[in-house]
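Protein chains: 6
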Amino acid sequence: MSMNNLGIVKRNIVRADKAAVDKLARFGVATIHEAMGRVGLMKPYMRPIYAGAHTCGTAVTVLLHPGDNWMMHVVAEQIQPGDVVVAAVSADCTDGFFGDLLATSFVARGARGLVIDGGVRDVKDLTAMNFPVFSRAISAKGTIKATVGSVNIPVVCAGAPVNPGDVVVGDDDGVVVVPAAIAQQAADAAAAREANEADKRAKLAAGVLGLDMYNMREPLAKAGLKYID
Amino acid sequence: MSMNNLGIVKRNIVRADKAAVDKLARFGVATIHEAMGRVGLMKPYMRPIYAGAHTCGTAVTVLLHPGDNWMMHVVAEQIQPGDVVVAAVSADCTDGFFGDLLATSFVARGARGLVIDGGVRDVKDLTAMNFPVFSRAISAKGTIKATVGSVNIPVVCAGAPVNPGDVVVGDDDGVVVVPAAIAQQAADAAAAREANEADKRAKLAAGVLGLDMYNMREPLAKAGLKYID
Amino acid sequence: MSMNNLGIVKRNIVRADKAAVDKLARFGVATIHEAMGRVGLMKPYMRPIYAGAHTCGTAVTVLLHPGDNWMMHVVAEQIQPGDVVVAAVSADCTDGFFGDLLATSFVARGARGLVIDGGVRDVKDLTAMNFPVFSRAISAKGTIKATVGSVNIPVVCAGAPVNPGDVVVGDDDGVVVVPAAIAQQAADAAAAREANEADKRAKLAAGVLGLDMYNMREPLAKAGLKYID
Amino acid sequence: MSMNNLGIVKRNIVRADKAAVDKLARFGVATIHEAMGRVGLMKPYMRPIYAGAHTCGTAVTVLLHPGDNWMMHVVAEQIQPGDVVVAAVSADCTDGFFGDLLATSFVARGARGLVIDGGVRDVKDLTAMNFPVFSRAISAKGTIKATVGSVNIPVVCAGAPVNPGDVVVGDDDGVVVVPAAIAQQAADAAAAREANEADKRAKLAAGVLGLDMYNMREPLAKAGLKYID
Amino acid sequence: MSMNNLGIVKRNIVRADKAAVDKLARFGVATIHEAMGRVGLMKPYMRPIYAGAHTCGTAVTVLLHPGDNWMMHVVAEQIQPGDVVVAAVSADCTDGFFGDLLATSFVARGARGLVIDGGVRDVKDLTAMNFPVFSRAISAKGTIKATVGSVNIPVVCAGAPVNPGDVVVGDDDGVVVVPAAIAQQAADAAAAREANEADKRAKLAAGVLGLDMYNMREPLAKAGLKYID
Amino acid sequence: MSMNNLGIVKRNIVRADKAAVDKLARFGVATIHEAMGRVGLMKPYMRPIYAGAHTCGTAVTVLLHPGDNWMMHVVAEQIQPGDVVVAAVSADCTDGFFGDLLATSFVARGARGLVIDGGVRDVKDLTAMNFPVFSRAISAKGTIKATVGSVNIPVVCAGAPVNPGDVVVGDDDGVVVVPAAIAQQAADAAAAREANEADKRAKLAAGVLGLDMYNMREPLAKAGLKYID
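Keeping their order, the protein sequence lines are chains A, B, C, D, E and F. Following our numbering, the numbering of the first sequence begins with 17 at its first residue and continues without gaps. Following our numbering, the numbering of the second sequence begins with 17 at its first residue and continues without gaps. Following our numbering, the numbering of the third sequence begins with 17 at its first residue and continues without gaps. Following our numbering, the numbering of the fourth sequence begins with 17 at its first residue and continues without gaps. Following our numbering, the numbering of the fifth sequence begins with 17 at its first residue and continues without gaps. Following our numbering, the numbering of the sixth sequence begins with 17 at its first residue and continues without gaps.
Next up, chain A with everything else stripped away, as it sits in the complex (with noise of 0.2 angstroms):
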């Protein structure tokens, strides 16, 4: 029995359903991270490479070392249509393990995203192509291709376990996490959410107030708020 699983490429992972997947593409990840309950968050640290970046897809992952991106170009070719490739790093580090040659094959391979523990490049060409990415940091600094990590196993990506398959959905608000077993349901949560946030909305705009609409009154005096003039 080995210890660890560095240096393993597993080919064949079982994707979340592709109806679930395209469901949960049509919300944002503060809805579906409370409609899953308030779990799944990337830390904030993780953010979009620019304003607007949208990506929701299936999960392929990859461990990387610091400094070194040779098992990005390992993942590059166990992407499919509809994937996201989430890449953590065994060490906290903001090198550019990635830049528009390898995001141009990732496209190729029908990659919807890329989400990064580490840093990128080539930020205005990334841009330019739409190709969403969600990262810890932007930096120039090239890596060596010298250490093998692992492609589709379960990692820790900013502070959430991933593992192969599961829906990755990110967007302005940062990158939440859906595992793959329960896409289905939440979405249907994320809906269910949604719809009822509209007729919220619709009375907040119309001056209700939220201590009105959840009422709150009572809850707020009986833990001891008073009013002064």
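The reader is advised that the hints may include incorrect statements.
To be verified - Taking lysine-lysine pairs in the DSS-like style, the calculated list, with each CA pair at most 25 angstroms apart, reads:
#1 D:Lys161 - B:Lys59
#2 B:Lys59 - F:Lys59
#3 A:Lys140 - B:Lys140
#4 E:Lys216 - E:Lys39
#5 C:Lys216 - C:Lys39
#6 F:Lys39 - F:Lys59
#7 E:Lys59 - C:Lys59
#8 E:Lys242 - F:Lys161
#9 C:Lys238 - F:Lys161
#10 C:Lys34 - B:Lys140
#11 A:Lys39 - A:Lys59
#12 B:Lys161 - B:Lys26
#13 D:Lys26 - D:Lys238
#14 E:Lys39 - E:Lys59
#15 E:Lys161 - E:Lys26
#16 F:Lys216 - F:Lys26
#17 D:Lys161 - F:Lys216
#18 A:Lys238 - B:Lys161
#19 A:Lys140 - C:Lys140
#20 A:Lys26 - A:Lys161
#21 D:Lys26 - F:Lys161
Hints are computed from structural coordinates only; laboratory data are not their basis.
We have chain A already, so just place chains B, C, D, E and F on it with the hints.
Here is chains B, C, D, E and F on its own, set in the frame of chain A:
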């Protein structure tokens, strides 16, 4: 005598003079900060959520607790047209305390913006609404409604003391707080400064050096500056 | 012999060859960094103040002290058309050392941009002027004029050594420094690299994998990479 | 009317009651913070420069500018036996504003410690002197004496508002500020809390669970907690 | 099917083999991390609260929410002698979730230590108790008891996935997690590694160079290393 | 002409005068930094791994790559008695590049310490060995041996330029670099400064104020300082 003022909502506050607020709205944060004698700035981590965001209004303040946005609903009721909500948090927290629903409510109450020493979400919607928000973070992370804080008490937000009724101005350079009592004086000083700057700008554009315009050559020499070839 | 070179303005510096600078201006920061053998980058906290900012020019350097921008006026006089001002600070400081007035003066002198290991303000104006600035922070905080630093001495800016006359290139990926002596060589290498990249890009876009294009399969296997189903 | 109070030294301040200060000196920072209702804490980056440092005294405040410690000499004269100097800085700065010479002067004046939102140096000497210092950084970087700040004005230090005469308490857990007006009340509350804790500690040491001691089982069940095997 | 496992306390977990845990307790974190193939480390911000702290035990896990330590009382009941509590937080928070009262309770239950991705307080007392705590922060800030989390679910703590029953080892170098299933194997590998290191240490102490001991000269030359005078 | 000097080991370097180094060893970092005119300091994140660590010696420099400590073995051979190894990294990385085995080798070669802009491990052992290490981080994370860097080239370490042969001094206040050419001059200036300080210390201890000792009252009044009651 109570040892803290948690759990208090002060309904009647003295807002800065409206004419002074309107006049201050014509100037940038850097100009106002300079005009006041270089005081009143929040720390530079306080950033607009979209480029070009600008707000100027009278502060209604709220003290939140980490991970809890209950008081945002309480403060909504205290908003009057022309106000800017200033939200402090009792400990550093990047959670998303505010999103498009609360923004809808704030707008309905006449709020001109939000300055929050925490995170916000629904950034795409807030940007589309053109609702100016200045925050320390962007995060989809939801919050609970369990603990009372206070409204319209003095707070410290991003390092700056803010009293209810003070003028709060935010733009691409950050956020500055003008005490209500000196709002008119600060506006006048800002106007004087800006008039003065137009003249300087013209001279500098014509090639005059600051060294000469400000008569710096002699004091620099006295301070020991030496030119070598 | 003096123990430091504070309080010195060096008037005559040897600038990198103009043709080489112009050639370098055609390439991105990542390409130049790679072409030079992966050296010369500033740290990734050095960011453009607006998306799409690009600069390339010969460095005039200035060493500032925290909270003091006096030397920015001194360096203005040393600017020649085609220069980029590179400002180091003797200790970490995010104050706004530079704004639209200084920018107006710099532009009148022919400056192509500013790279500063501190803060800047008047970001809206600087953006409207299309004056490229790369900084570690944005802050409205004003500075004093009390302490002399030096101009056109070797400095360390955001972790990178910069000598007066070196070529400094900045874009959305960060900032790279090309020593004057190798500017032409670096420009040639960048051109060669870019030509080479066009070919690779076409292959990758056509679906060829980096694994095959770079002949990585065998070395990966030797390094222990295993495929499983 | 002046728009700021820079350049002011207030000589007469009302210090908290000495007996209350002495009583507060017997309790830890966490206890006092709790006793006051969970307010008054500085941010956790404010740390003692050596393990076991403890201070409790009345605040004399000073506002410094980045890289400038001139006012530390001004504040020295205002120290009375039993005071703790609280130094704020008008912008984040880690320079070494304070070292063994100033400490010698402070001790001669009767100071009980220093809390500074900046850096200090001569840490080995300060430790040997057993002079308690709480700071945001340690740095050998020297400072200049060029700009006036103020002494005994209200300041914000590490996020906490401090008025001259307030009680400031620091230990291994951080620093807490007790407004002078409630010093006795806070001391009494702290004493009550500590007495109460001794009893709890004994029960917990004997194996009683907090779940039972605090009657948490029912509220936890109501909140939805479920036990599974 | 529930979309998350919040609000769950799992009572029966499979703990790593006791003999393996005891064996692992003899080795340092770096050795174990290496022996496992360089995996399992928490991020380096996770630090002991006092120099020399060491812990090794089986993980009981708890997921907290920011500013809320209610579940720390719930997890106390699940502690068995030899356990180490591993506390994750659903968002970054430095509040003081743990102090001397909880430590007293944990010790009474047989806990060997605490690893918490948040803050702790009463550091002086914890140190006097010699209770090993590894945390991301020290803060006197109190927490509330309002929201349920979960106990003995898989968590991510400081970037590392931890399952209940895993072995957790902490020392001055940080914290490493050993999955329960490979505890014995990891202990054996650590022992082998340490035996091997003793021999290397002796050679190096005698002046043998790593260059020779590891036969690096030829691969370095092949990699292009050149010696000049 | 090569564009960079990666892959180079320079064997013969000119070390600072031994007598000057020995003299500098008698002074603290702050004193030397002041004596040189306030230059040469590394950034304050560079900290000793144990309180009281002190080192002073001649620099042998090494440039590492993130996650790769191969060159630490190469630099070991270049150490001569009295040297301090100064390790820069081509990108920010906190991995543990150095531990007790390398320390054993360094000590055998006569090294007086290590200054590294990265992480180290085996902190307990290094402390027991009393081997002074100054680092930006502590981390058990292992590194690989795959990429060549260089030895005895000029580097930038924690923001400070270091040339091989320079004097490097580290203590509880941080690390300062003294160029070899001015080592004797700096040592003399430090001695003069320290002699001068003893006299000042005695006066301050006797209650003389810095305000009077340094004749600050008049310049403070000129700068606008006002006393009020």
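How the hints compare with the structure:
1. A threshold of 25 angstroms between alpha carbons decides the hint, and for Lys161 (chain D) with Lys59 (chain B) the separation of about 24 angstroms falls inside it, so the pair holds.
2. At most 25 angstroms may separate the alpha-carbon atoms for a hinted pair to count; Lys59 (chain B) and Lys59 (chain F) meet this at roughly 21 angstroms.
3. With a CA separation close to 21 angstroms, the supplied pair Lys140 (chain A) and Lys140 (chain B) stays within the 25 angstroms bound.
4. A threshold of 25 angstroms between alpha carbons decides the hint, and for Lys216 (chain E) with Lys39 (chain E) the separation of about 22 angstroms falls inside it, so the pair holds.
5. Only pairs whose Cα atoms come within 25 angstroms are accepted, and Lys216 (chain C) paired with Lys39 (chain C) is accepted, the gap being roughly 22 angstroms.
6. This hinted pair checks out: Lys39 (chain F) and Lys59 (chain F) have alpha carbons roughly 24 angstroms apart, not beyond 25 angstroms.
7. Taking the CA atoms of Lys59 (chain E) and Lys59 (chain C), the gap is near 21 angstroms; set against the 25 angstroms cutoff, the hint holds.
8. As the CA atoms of Lys242 (chain E) and Lys161 (chain F) are separated by approximately 17 angstroms, the hinted pair is consistent with the 25 angstroms bound.
9. With a CA separation close to 16 angstroms, the supplied pair Lys238 (chain C) and Lys161 (chain F) stays within the 25 angstroms bound.
10. Proposed proximity of Lys34 (chain C) and Lys140 (chain B) is contradicted: the alpha carbons are some 44 angstroms apart, above 25 angstroms.
11. For the hint linking Lys39 (chain A) to Lys59 (chain A), the alpha-carbon distance of about 24 angstroms falls within 25 angstroms, and the restraint holds.
12. Pair hint Lys161 (chain B) plus Lys26 (chain B) holds up; C-alpha atoms about 20 angstroms apart against a cutoff of 25 angstroms.
13. At roughly 56 angstroms between alpha-carbon atoms, Lys26 (chain D) and Lys238 (chain D) are farther apart than 25 angstroms, so this suggested pair is violated.
14. Among the hinted pairs, Lys39 (chain E) with Lys59 (chain E) is consistent with the structure: their alpha-carbon atoms are about 24 angstroms apart, no more than 25 angstroms.
15. Between Lys161 (chain E) and Lys26 (chain E) the alpha-carbon distance is near 20 angstroms, which keeps this suggested pair within the 25 angstroms criterion.
16. Distance hint between Lys216 (chain F) and Lys26 (chain F) is unfulfilled; the C-alpha atoms sit about 46 angstroms from each other, more than 25 angstroms.
17. With a C-alpha separation of about 17 angstroms, the suggested pairing of Lys161 (chain D) with Lys216 (chain F) holds against the 25 angstroms cut-off.
18. Using a Cα cut-off of 25 angstroms, the hinted pair Lys238 (chain A) and Lys161 (chain B) holds, with the two alpha carbons roughly 13 angstroms apart.
19. Distance restraint check for Lys140 (chain A) and Lys140 (chain C): the Cα-Cα separation of roughly 21 angstroms lies within the 25 angstroms cut-off, and the hinted pair is therefore satisfied.
20. Note on Lys26 (chain A) and Lys161 (chain A): the hinted pairing holds, with a Cα-Cα distance of about 20 angstroms set against a maximum of 25 angstroms.
21. At roughly 62 angstroms between alpha-carbon atoms, Lys26 (chain D) and Lys161 (chain F) are farther apart than 25 angstroms, so this suggested pair is violated.
Of the numbered hints given earlier, the model fails hints 10, 13, 16, 21; all others are met.
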